[in-house]
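Protein chains in written order, with my numbering: chain A, 173 to 609; chain B, 2 to 669.
Calculated directly from the structure, the hints in this document are not laboratory data.
Misleading hints may appear alongside valid ones.
Claimed, not checked - Below, a list of computed lysine-lysine pairs in the DSSO-like style, where the Cα atoms sit at most 27 Å apart:
{"hint": "1", "chain 1": "B", "residue 1": "Lys89", "chain 2": "A", "residue 2": "Lys385"}
{"hint": "2", "chain 1": "B", "residue 1": "Lys154", "chain 2": "B", "residue 2": "Lys231"}
{"hint": "3", "chain 1": "A", "residue 1": "Lys603", "chain 2": "A", "residue 2": "Lys538"}
{"hint": "4", "chain 1": "A", "residue 1": "Lys335", "chain 2": "A", "residue 2": "Lys368"}
{"hint": "5", "chain 1": "A", "residue 1": "Lys470", "chain 2": "B", "residue 2": "Lys89"}
{"hint": "6", "chain 1": "A", "residue 1": "Lys470", "chain 2": "A", "residue 2": "Lys520"}
{"hint": "7", "chain 1": "B", "residue 1": "Lys89", "chain 2": "A", "residue 2": "Lys433"}
Stated by the list, open to error - Among chain B residues calculated to face chain A with C-beta under 10 Å, some are:
{"hint": "8", "residue": "Lys89"}
{"hint": "9", "residue": "Ile90"}
{"hint": "10", "residue": "Pro93"}
{"hint": "11", "residue": "Met97"}
{"hint": "12", "residue": "Thr369"}
{"hint": "13", "residue": "Gly616"}
{"hint": "14", "residue": "Ala619"}
{"hint": "15", "residue": "Ser623"}
We put the CB at the ideal spot given by N, CA and C, even for glycine.
So you can see what is in the structure, the chains are spelled out below.
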Amino acid sequence: MVELLARAWDLGWPIMIGLVGLLIYFQATIKDPASKKSATFKTLIGILCMFLALIAISNYAHNFEYDPGMLPVSLVMITAMSFIMGLYFTNIGALMKIGGFMFFVAAALSGYGNWLPQVEGGFPPPVVKLDFQSMSAQQLGDEGEKIIFGGIGQSKTQGAIGKGQCPLCHGFQKGFLSERAPNLFNIPARSAEQLKAPNYHMNDAAARNTEQKEAFEGSGTATNAQEYIAESHACPSCYVVPGFGVKGSNDTVSPMPRIHKPPISLQLGELAAVDTWMYTREGVESPGYDAIVTSYEKFIPEADRPKASEGDEGEGKGGDMLVDGSEPHDALFAGAGCTACHTIPGIKDAEGKVGPVLWEGTNAPKRMKDSGYAGKAKTTKEYITESILDPSAYVVTDFPDDQMPKDFGLKLTGGALSKIVDYLAALEEGKPLPPKE
Amino acid sequence: MGRLFTPMTRGKKRFSAVTALIVAGVFLTLPIILSVTALAGGGGGGPSGPPAEVLEQRKAAAAAAAAAGESVEGEAVAIETGRDVYYKIEGPAVGMPAPITADNETFYPRYNFESRVLLWVANQQHLYYGSFVLAVPIFCMCIELAGMISKDKAMAKKYDQLAYDFIRISLTAYSLTAILGGILIFTFLTLYPAFFGYLSGIFRPVMHIYALTFVAESGVLYIYYYGWDKMREGVLKWVHLSMCVILNVIGTVLMFLANSWIAFMMSPAGVDEQGRYLGNIWHVLHTALWNPLNVHRILGNMAFGGGVVAAYAAYRFLSSTTDEERAHYDWMGYIAMSLGVAFLIPLPFAGYWLMREVYAYRQQMGITLMGGLLAWLFIIQATMIGILFLTTNYYLWQALGRMTGGERFQKYIKYLVFILVVGLLVFITPHTIVMSPAELKAMGGQQHPVLGNYGVMSAKNGGINAIIMTTILSFIWYQRGNKVPTVSWSKFGNIFMGCFFVVAQINNIFLACYGYFIPANVRIGLSVPQVAGTLSCLLLMTPLNLAMLKGGRELGPIKWGQIPPRSQYAIIMLATAFTWMMGLMGYIRSSVRLFWHVNEVMRDNSPWAYTHTIGFAANVISFNVLFFWISIMFVFWLGTLGAKKVVIKSAVPDPVPAGASPQPAAGH
Numbered sequence: 173m174v175e176l177l178a179r180a181w182d183l184g185w186p187i188m189i190g191l192v193g194l195l196i197y198f199q200a201t202i203k204d205p206a207s208k209k210s211a212t213f214k215t216l217i218g219i220l221c222m223f224l225a226l227i228a229i230s231n232y233a234h235n236f237e238y239d240p241g242m243l244p245v246s247l248v249m250i251t252a253m254s255f256i257m258g259l260y261f262t263n264i265g266a267l268m269k270i271g272g273f274m275f276f277v278a279a280a281l282s283g284y285g286n287w288l289p290q291v292e293g294g295f296p297p298p299v300v301k302l303d304f305q306s307m308s309a310q311q312l313g314d315e316g317e318k319i320i321f322g323g324i325g326q327s328k329t330q331g332a333i334g335k336g337q338c339p340l341c342h343g344f345q346k347g348f349l350s351e352r353a354p355n356l357f358n359i360p361a362r363s364a365e366q367l368k369a370p371n372y373h374m375n376d377a378a379a380r381n382t383e384q385k386e387a388f389e390g391s392g393t394a395t396n397a398q399e400y401i402a403e404s405h406a407c408p409s410c411y412v413v414p415g416f417g418v419k420g421s422n423d424t425v426s427p428m429p430r431i432h433k434p435p436i437s438l439q440l441g442e443l444a445a446v447d448t449w450m451y452t453r454e455g456v457e458s459p460g461y462d463a464i465v466t467s468y469e470k471f472i473p474e475a476d477r478p479k480a481s482e483g484d485e486g487e488g489k490g491g492d493m494l495v496d497g498s499e500p501h502d503a504l505f506a507g508a509g510c511t512a513c514h515t516i517p518g519i520k521d522a523e524g525k526v527g528p529v530l531w532e533g534t535n536a537p538k539r540m541k542d543s544g545y546a547g548k549a550k551t552t553k554e555y556i557t558e559s560i561l562d563p564s565a566y567v568v569t570d571f572p573d574d575q576m577p578k579d580f581g582l583k584l585t586g587g588a589l590s591k592i593v594d595y596l597a598a599l600e601e602g603k604p605l606p607p608k609e
Numbered sequence: 002m003g004r005l006f007t008p009m010t011r012g013k014k015r016f017s018a019v020t021a022l023i024v025a026g027v028f029l030t031l032p033i034i035l036s037v038t039a040l041a042g043g044g045g046g047g048p049s050g051p052p053a054e055v056l057e058q059r060k061a062a063a064a065a066a067a068a069a070g071e072s073v074e075g076e077a078v079a080i081e082t083g084r085d086v087y088y089k090i091e092g093p094a095v096g097m098p099a100p101i102t103a104d105n106e107t108f109y110p111r112y113n114f115e116s117r118v119l120l121w122v123a124n125q126q127h128l129y130y131g132s133f134v135l136a137v138p139i140f141c142m143c144i145e146l147a148g149m150i151s152k153d154k155a156m157a158k159k160y161d162q163l164a165y166d167f168i169r170i171s172l173t174a175y176s177l178t179a180i181l182g183g184i185l186i187f188t189f190l191t192l193y194p195a196f197f198g199y200l201s202g203i204f205r206p207v208m209h210i211y212a213l214t215f216v217a218e219s220g221v222l223y224i225y226y227y228g229w230d231k232m233r234e235g236v237l238k239w240v241h242l243s244m245c246v247i248l249n250v251i252g253t254v255l256m257f258l259a260n261s262w263i264a265f266m267m268s269p270a271g272v273d274e275q276g277r278y279l280g281n282i283w284h285v286l287h288t289a290l291w292n293p294l295n296v297h298r299i300l301g302n303m304a305f306g307g308g309v310v311a312a313y314a315a316y317r318f319l320s321s322t323t324d325e326e327r328a329h330y331d332w333m334g335y336i337a338m339s340l341g342v343a344f345l346i347p348l349p350f351a352g353y354w355l356m357r358e359v360y361a362y363r364q365q366m367g368i369t370l371m372g373g374l375l376a377w378l379f380i381i382q383a384t385m386i387g388i389l390f391l392t393t394n395y396y397l398w399q400a401l402g403r404m405t406g407g408e409r410f411q412k413y414i415k416y417l418v419f420i421l422v423v424g425l426l427v428f429i430t431p432h433t434i435v436m437s438p439a440e441l442k443a444m445g446g447q448q449h450p451v452l453g454n455y456g457v458m459s460a461k462n463g464g465i466n467a468i469i470m471t472t473i474l475s476f477i478w479y480q481r482g483n484k485v486p487t488v489s490w491s492k493f494g495n496i497f498m499g500c501f502f503v504v505a506q507i508n509n510i511f512l513a514c515y516g517y518f519i520p521a522n523v524r525i526g527l528s529v530p531q532v533a534g535t536l537s538c539l540l541l542m543t544p545l546n547l548a549m550l551k552g553g554r555e556l557g558p559i560k561w562g563q564i565p566p567r568s569q570y571a572i573i574m575l576a577t578a579f580t581w582m583m584g585l586m587g588y589i590r591s592s593v594r595l596f597w598h599v600n601e602v603m604r605d606n607s608p609w610a611y612t613h614t615i616g617f618a619a620n621v622i623s624f625n626v627l628f629f630w631i632s633i634m635f636v637f638w639l640g641t642l643g644a645k646k647v648v649i650k651s652a653v654p655d656p657v658p659a660g661a662s663p664q665p666a667a668g669h
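Let's have the full structure, built from the sequences with the hints guiding it.
Given below as structure tokens:
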């Protein structure tokens with residue numbers, strides 16, 4: 173609270189002093205006692221309202237990224253300020269009351285938004301290179317479960333979802349809700365039955381009534397259970413299970429996206445993993461990696477097969493990281509660029525003089541107590557993290573601000589940051605150096 | 002000077018004025034005429050792709066190779082074709098592929114702040130002002146026409162004054178819209194150059210049409226506004242109204258073109274999988290979601306515009322110092338709010354259509370919206386829709402108080418409150434919600450053990466339809482506030498209306514309950530008869546009520562201005578909540594693309610390619626709403642500066658006693 177008031181004062185002290193000056197001026201210049209009383213009272217109200225506004229703005233600016241749940245509090249403060257102003261400054265009364273009421277409505281709605289469960293959509297999962305071909309059936313099945321549900325053992329949890337996004341529409345357990353697309357329990361056995369369905373037209377794609385007859389010209393239809401699964405993934409509209417077509421299409425078009433195309437874009441290896449899981453979880457022997465991949469190759473032409481290098485690997489998030497935390501300590505600090513400016517005890521070639529020496533185990537507690545410290549850290553590790561991500565939160569005396577880049581948050585992985593912080597926190601003057609890799 | 006004209010010269014002058022206006026009208030609508038011709042032909046050249054002559058050279062090379070007996074099949078010399086991601090037809094790939102971006106300063110230059118939020122704010126402010134200035138001329142058109150066809154000269158004058166007041170408010174906002182449009186483009190160019198470059202490349206054939214349409218809109222608006230006094234009588238008044246029609250046509254085309262960008266980002270068409278333009282600009286414009294978005298936005302703009310003008314009237318009402326002013330602004334607020342609510346009522350149906358098209362386009366997108374990541378935001382939306390209707394009803398009940406005879410209905414209001422509250426509670430009950438594994442475990446499944454049984458779609462539809470029907474009933478009571486029908490069939494009419502409402506409500510509630518006993522894919526179809534009942538109440542009962550009241554006995558005058566100030570806060574609440582809801586729905590619509598700039602075509606690789614928490618989004622929406630209202634209140638204040646002198650003049654000689662019909666507060 174004291175911190176908040178101090179920040180508010182820092183933000184608007186010239187205005188506050190101006191208002192106090194006005195108060196003194198009125199005392200000296202207004203002779204009529206009634207007018208003087210009124211002016212004094214209104215100026216005091218003005219000072220109170222201004223300070224409320226400063227607290228609100230300060231709270232808003234400070235918590236915008238750190239604690240969004242506190243922002244509606246600022247709106248409530250401005251509501252209070254506006255109504256006080258509206259009551260005592262009648263010439264702008266209507267405007268202030270209306271403004272105050274609007275802030276109140278916005279505060280209520282913001283508060284409601286912050287009160288609801290907070291769900292954040294993360295970044296799309298990075299492409300991880302896996303050698304599916306050399307995996308055992310069990311390993312392949314586990315990877316398949318991860319792709320479908322987001323983790324091993326998640327298949328029995330309603331709502332669990334992975335890269336493949338299958339559970340958005342399909343149920344996988346007998347009795348699970350599956351209104352948008354067929355439930356896929358026991359699918360290996362049922363696939364063989366589906367081939368005999370009257371509308372499937374095995375080996376006679378031209379006779380189908382669907383909008384798309386074949387996955388591509390000449391691909392033909394599936395002739396066995398695995399091919400049926402592959403065709404369903406690669407060309408969902410080639411055969412639509414009755415009742416699950418796009419509304420109004422009379423089951424001639426499927427709402428399901430082609431699995432090898434954006435936005436899902438599963439590679440053949442991943443598809444093999446998915447299919448393997450569907451076999452193994454039923455206790456049925458999988459046809460094997462090669463047979464599954466061959467079945468997909470029948471329905472996905474060479475040019476359409478997603479490559480392992482596609483997606484965001486090497487681009488976007490992962491591509492621009494300086495270090496990922498897997499490096500030994502010397503390489504980690506060198507790779508992150510710390511050694512260019514800082515002297516870091518125990519780290520090879522870390523003799524930079526641009527920034528302070530990083531005895532952070534010793535320095536951090538002192539700096540957090542410094543009156544000039546404006547950050548939020550409460551522990552040594554928090555202080556170091558803050559110094560890396562927001563170097564201007566506290567600038568060490570005799571060192572200039574804005575020397576250190578402010579985008580380390582975008583250049584270090586969580587693992588790398590954690591490893592750096594752990595090492596620096598353990599550096600205390602007069603004590604042995606911490607162990608390093 | 003006017004006295005010097007003879008009737009003949011006046012006639013000539015009128016003829017010249019009409020001719021000049023027609024020429025100006027044709028000239029100003031020329032961009033639209035040209036664009037229609039261009040679009041009919043599939044649009045202009047390709048964006049950022051090889052120019053036509055290069056394509057011709059390629060064709061010639063291919064032909065020469067063929068003539069020389071070389072096999073051209075599959076060779077690079079052949080013109081590349083691509084398959085439209087939506088229309089599924091082949092076309093020449095004349096555009097460049099969508100850029101594959103990476104998280105660096107080249108693709109995403111940045112300040113020390115989240116670029117996405119900056120763009121969000123710039124976009125939203127432009128949209129708010131754009132919506133307002135596009136909606137107001139539609140109101141003006143309706144009100145001016147009402148004045149022209151009114152047989153009551155006094156009312157005609159009042160309507161004319163009201164229309165003028167409306168357009169005057171929007172004129173200052175118009176300049177701000179243009180300024181904000183410039184800021185938006187600069188923000189785009191500065192922070193998302195690759196993305197903006199790609200989009201402007203795709204839309205190149207219509208980019209200048211868009212700009213020219215804006216010029217035409219400005220030209221017509223200025224003629225319309227400044228020509229108000231000159232075109233006050235006779236045929237010139239009709240010409241004046243025609244200018245407003247032209248203004249609205251241009252405005253609508255302008256909005257459709259702007260909408261095509263966002264529709265393309267959500268549901269691209271006219272490009273292949275790599276994002277290459279395939280030479281048909283109509284396909285780029287006419288994407289799966291373009292028309293639903295257009296309809297939804299027209300209705301939304303109208304409701305929003307009504308809210309803003311009503312808020313202006315409320316502000317003027319609350320700051321009025323004379324009964325005359327209060328009477329005028331009470332009336333103005335009522336008209337604006339009625340227009341706004343009239344467009345708010347069909348808005349949920351347009352929303353259903355949009356959502357249905359979203360599901361048809363990509364089922365996953367629909368699920369992400371309604372049952373996945375963004376589902377909680379729809380709970381907020383449902384709450385807000387409920388609040389909007391509750392507030393509207395509250396205002397109407399307050400307004401009954403200014404009518405002699407309105408007290409007849411007060412005793413029934415508690416029953417309406419009951420229906421509204423129950424309807425709202427049913428409407429906002431969630432059914433399937435996204436949860437963390439821990440929450441799932443705690444709840445024992447994806448659906449709440451108790452509430453999960455209740456929040457199905459047909460019940461929700463039942464809830465909102467009950468609310469809308471109640472609002473229609475409130476409005477009918479309001480129409481009857483100070484009148485008693487005297488037509489010979491009034492008894493039959495009353496019984497018929499009563500039965501109609503009861504049957505419609507029973508039908509609605511029965512279907513809401515019946516939905517629990519049938520599968521979901523069948524249940525969704527129940528919305529049609531439910532909505533049909535509500536629309537029947539709206540479209541049959543309201544005119545029937547008016548027919549019954551024609552020539553009816555008046556119990557007393559409407560005492561304009563004699564309404565409690567809290568009614569004006571209801572209007573402010575309505576306007577603020579609607580602004581907030583617009584921000585919320587815009588955020589939802591944009592967020593559903595997740596990590597795509599252009600869905601499935603151009604990926605977002607910026608550091609902000611994730612979806613914020615609901616709380617963060619709510620805070621930014623609130624910021625946008627308050628920023629808009631603070632700025633527009635400044636515009637309102639500017640408007641009062643110009644009107645003050647006239648108020649003093651008109652107020653002195655012709656004071657209007659409380660309870661009289663409203664008089665114009667200002668001349669023009």
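Evaluated hints:
no.	hint	result
1	Lys89/B - Lys385/A	holds (14 Å)
2	Lys154/B - Lys231/B	holds (19 Å)
3	Lys603/A - Lys538/A	holds (17 Å)
4	Lys335/A - Lys368/A	violated (32 Å)
5	Lys470/A - Lys89/B	holds (22 Å)
6	Lys470/A - Lys520/A	violated (56 Å)
7	Lys89/B - Lys433/A	holds (14 Å)
8	Lys89	holds (9 Å)
9	Ile90	violated (13 Å)
10	Pro93	violated (18 Å)
11	Met97	violated (18 Å)
12	Thr369	holds (8 Å)
13	Gly616	holds (4 Å)
14	Ala619	holds (2 Å)
15	Ser623	holds (4 Å)
Comparing the model with each numbered hint stated earlier shows that hints 4, 6, 9, 10, 11 do not hold.
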